[in-house]
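Throw the hints in and build the complete structure from the sequences for me.
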Amino acid sequence: MLPLTGADDATIRRIMADEGLRLAPGEVRRMLELLERDPTRVEATIFDTMWSEHCSYKSSRWALKAFLPTQSPDVILGPGEDAGVVRLGTHAGVSYALVIAHESHNHPSQVVPVEGAATGIGGIVRDVNCMGAEVIGVLDALRFGDPEGPRASGVREIVRGVVDGIWQYGNPLGVPNLGGDVFFSDRYDENCLVNVVALGLVREDRVVRSRVPEAAAREPYVLVLVGKPTDETGFGGASFASAILEQDAPEQRGHVQVPDPFLKRVLFEANRAALDWLFRQGAPFGFKDLGAGGIACASSELAAAGGFGMDVDLDLVPTPRGEYPPEVIACSETQERFALVVPERLAPKLLAIYNEDYALPAVYDGARAAVIGRVRKDPSYRILRHGQAVCDAPVEVITAGIEHRRAERPRATASSPAPALHVEDHGAFLRQLIASPNLGSRDPILRYYDTEVQARMAVRAGEADASVLVPVPGAPFGAAITVDGNPWYVAADPYWGAAHVVYEALRNLVAVGARPIALTDCLNFGNPEDPEVFDEFVRSVRGLGDAARAFGPNGEAGPPVPIVSGNVSFYNESSTGRSIEPSPIVAALGVLDDYSVAVTSGLKEAGASLLLTGPRQSAMGASQAQYLLVGEKGGALPSLDFEAERRRLHVVLEAVRRGLVRACHDVSDGGLAMAAFEMALGGWSAMGLGLELRVPDADGVAIEARLYGETPGFLLEVAPGREPEVGALFQKAGVDLTAVGRTMAEPRLRVVSRGSTLVDADLAELARIHSDAIRPYVE
Amino acid sequence: MSALLRTRLKISDLTAWTALDAARKLLPDGQTLQKLIREEVFAFEPAVGSRATEFESELAHAIESSNFFVNPNKEQYRFTRAAERGASLAPPEGAWGILARPRGDTQDQGLLERLLREHPMKGIGAIRRARLWWLWTVGPGGGADDRDACYRAVGPVTGSRRGLLVNPHSETDLRIDGPTAWDAVEAFLRAPATSRREAA
Amino acid sequence: MARVAVLQIPGVNCEYETVRVLEAVGLEAAIVRFNEPSSSLAAFDAFVLPGGFAYQDRIRAGAVAAKLSAVERIAQESESGKPVLGVCNGAQVLVEAGLVPGLQKGAVELALAPNRAPRRQGYLCRWVRVRAGEGPGAALWTSALQGDRMAPLPMAHGEGRFETADPAVRDRIEKDGLALFRYVDAEGRPASRYPDDPNGAMLQAAGITNERGNVLAIMPHPERASWLFQVPLDWRGAWGDRRRAAVGSRSALEGAGPGRFLFESLARHLGAAKREAA
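Residue numbers (the numbering used here), protein chains in the order written: chain A, 1 to 779; chain B, 1 to 200; chain C, 1 to 278.
Worth flagging that the hints you see were computed from the coordinates, not collected in a lab. Be a bit skeptical, because a hint or two may be false.
[Claimed, not checked] Here are the computed distance ranges between Cβ atoms for each label pair:
1) C:241 with A:425: 32 to 40 Å
2) B:192 with A:764: 32 to 40 Å
3) C:36 with B:142: 33 to 41 Å
Keep in mind that this is a model prediction, so the values were computed, not measured. From the three backbone atoms N, C-alpha and C, an ideal C-beta is built for every residue, glycine too.
Rendered as structure tokens:
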């Protein structure tokens, strides 16, 4: 027992420090109140983990609850378990659902980029798999420091390491990469972000819950631990130092989680067989992955969710040779593990599937499935070691959670007039724009990722604004997915910036012809104890929620696009306490009733019209062009009218679905010029096409803002002769549409304004500049 | 004379574990593989007319202060200046080694270019790379091993059940049975591989 | 119906899409785990070693899997002429097990070395073009390939460069037409530079057979190009035109893709073999 009852703050802090724990004195007192006695070391370690920001959402929970919509008719399971579940469609009498989860793995990726990013993928795919789903894709949103700044060399090491970690884990796992995004900004110099999204497919009648089933009241149920033997990897507190070769210091692996995609692939196959067998037995069961807090966290949550108790016997947990303290076995975050709760009578055969059919012990030294505990009908939760209880408390005490209300204070912003932006030579500036780190081609990164495995891909990352896959071979429906987040926008205005992030993601779905059905969010911020950071957090969450609510087919009156899963990551800051830019990152998931309508952004034929929707505005705050021209990231954002945007998105979706649009691209980073260039690029590589962009007029808006400003919108290629039909559709919806040029057989990009030619460039040359832009940071 | 960097994982080396497991199944009766360690070797060779002393300090700094070659959270390393490397490469106590490098490439041009881009320094002519497998084999009853038989069983692949750690069509290797002169090691790293026909 | 075994070695990851295309061409396909009694393999008419990362490519791609008794058993079965297809990681296993090119029985005569391309190290995933030659494997593996005998296929590997240290092996492969599939440029000429030539393989080889032609080790993935919807929309050439024209038509997109010919050819061969036996 740790002698904490009655201790003063200083004593509590000393004891916590001695134990390598981070509970604050107030939290310790709350723990004592719940336990009604001093905790054992194991209990204190469990509370320390369960009450961490990562597991407890202690600062953020109230805001998420208050502001984010989570329900709609498409939702089967909203936030609360490891992943959200939404309806996909019915084919051949079977109803299918999509499973989505979104997490960050920022700090580990900064320390050990390869392993950090790899375990990020490894963790998120477990969250989806443990809902009973086959993982059918991953995406990654990456934020790195300035690759040309004072810390460029270190930043590039992280870029290379993270990309290596993603492909070295994701490719062997056999899960296709569905894309993602990359953003460079100096505020990430010392704290990169690695956000990962996983998508899964499951039969609706085979969604597995993470809880002890009710049937455990009628027959004995046991807890089965599957996977890697439990060791100290990923156990907090251990420090490791650099040692030279010959010193042969005892291994201090501690913090570093060792990912093993090979074992994971075999586990996925074994899980598939095991779950299939369990379903055929007809007995209810529970399934959960092991993440932070390891066995203690997973087993107590399984028990609490079902209203049962549990006895876990640490003596039965497979470990590598050597003795580990009970708190390590109970709480270590060793990778590649799952837990099942099954009827005791089924356990022997279940174990044989893992240990014999799929031969886990031959795949990894000591890996196996083993019974490590029993469900109790009373609500007590006990962890035993050598027959002694090292944790013994009512399960609801263990999973009680904790909340903190943090102070908010708006950041003081000096409102300075927008800088004058002037482009003398548009040809030269366009070349600078397409070669800049944030707008250069992502191809050098994407080519490391296996986009083809599983053979479901209809539209790949880089070909269109969202990836489209055919989840159920032979079925008509498609799934589209994208991930977005512009940190400069959110830094400039947390509420409207976050709202822009949601709409950008939704536009990406609409551009390929997909109806948005769900969102996930990963909220990456600095220190929540800093009132200015926390204020940004709260405003961002409000912006996300309002934007998601506003999009439904009936506006705010109708159902929202629900946010079904997500994650909060705080304390993203440099060693000097400088926070990252506030970085909410949003993934959007859409469904196509008929995947064949999906279009890409590349031009499809010569002589077609280019149409723009989204009138150009003057505001260029937080734009890429402004940064390149004057080095300034802040300023006023383009305004966002929820109702007008909602109508615009719905009419574009309708036009794509009807086959009126041959190519579609949203206008975002880099503005109209960048959108036109990217559309030309696809047509150039496919057929040697080019385009002529006529800069649209807009009263009082400078040419720089019309060409490079980031007012949202869409650029559409419409087949010759179909313009009137498209025009009528937009007119009926009350949405603007302007002709801005034509596609052409010549492989050139031409930009003209009132009779004068601003740019006339060979696309092959532009393509080369664009594709080489970030190559030196990656290769 | 080259400066040398040797690195090794301090987190679990899963490749080494799989290699150990696979190698044990291939050894002839009576021969036992007790332990196996994998190292990466980088030899930094001075450009013509240069000496290693011209870049060693900057190189040592790059290795220590950045994660370009080594991430101390997961790897351990030893950097040896040319003048300090001693006469020979000696196996650890009780071990022998197989030093393998790509057949077609005697230097890693891409790595050198990247190094010079991230950590500008003068005087390096080539980075030569190899992988070093250290094996602890014993014979019946813990006695002396049959080294040749062990090498045939787990060294270069010659047949479907013969050899493991090296494919001689893409790699070339040097057996390190005992202390091996650095000059010989460097000559091995530098020499274009001959075709098997020519070698025969 | 002819039966094909898809061997599931720990770490492979293309077994399901491989089964899907085998079934689409009318074959019966079954996933067989590596540790099932190897005698059960004898009941099959053909074998596929699918793509993936057997043993996570530790030591070298294919190196550990090549020693499995199931692979040894498949080698024996191939001696009676049964077709054996290794795709990507499966190809790496066949090479490490000495089945391809198999000039001297039981000898390993090739390697699949790390890709070699200017400024590009490590794994590479992209679509490439291959053209089929007229070697001993042509009848079995390409009878359904029409016209210019070219096909776009996706590749996804880090170790795909066919290489040998023995000039005589290289000569035999070239002279006897064992490099059944070679990387070509858009005009069908042997690829001379990256990215048409994605990995620097000798003879621009994308797929190599044994002397008899019944064992094929191919690096690109025909099973990932077996439906039209899988072809990239911005692909240049006839298959790209077909893909673009099919937007809006599900029936067209569900039609055969450029890699289907390999499995169609196999099905024809196995069908003919069955009829002969009957």
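Hint check:
1. Evaluation of the 32 to 40 Å hint for residue 241 of chain C and residue 425 of chain A yields a pass: the beta carbon distance comes to about 38 Å.
2. Remark: the range hint 32 to 40 Å for residue 192 of chain B to residue 764 of chain A is upheld by a beta-carbon distance near 37 Å.
3. In this structure the supplied range 33 to 41 Å holds for residue 36 of chain C paired with residue 142 of chain B, their Cβ-Cβ distance being about 37 Å.
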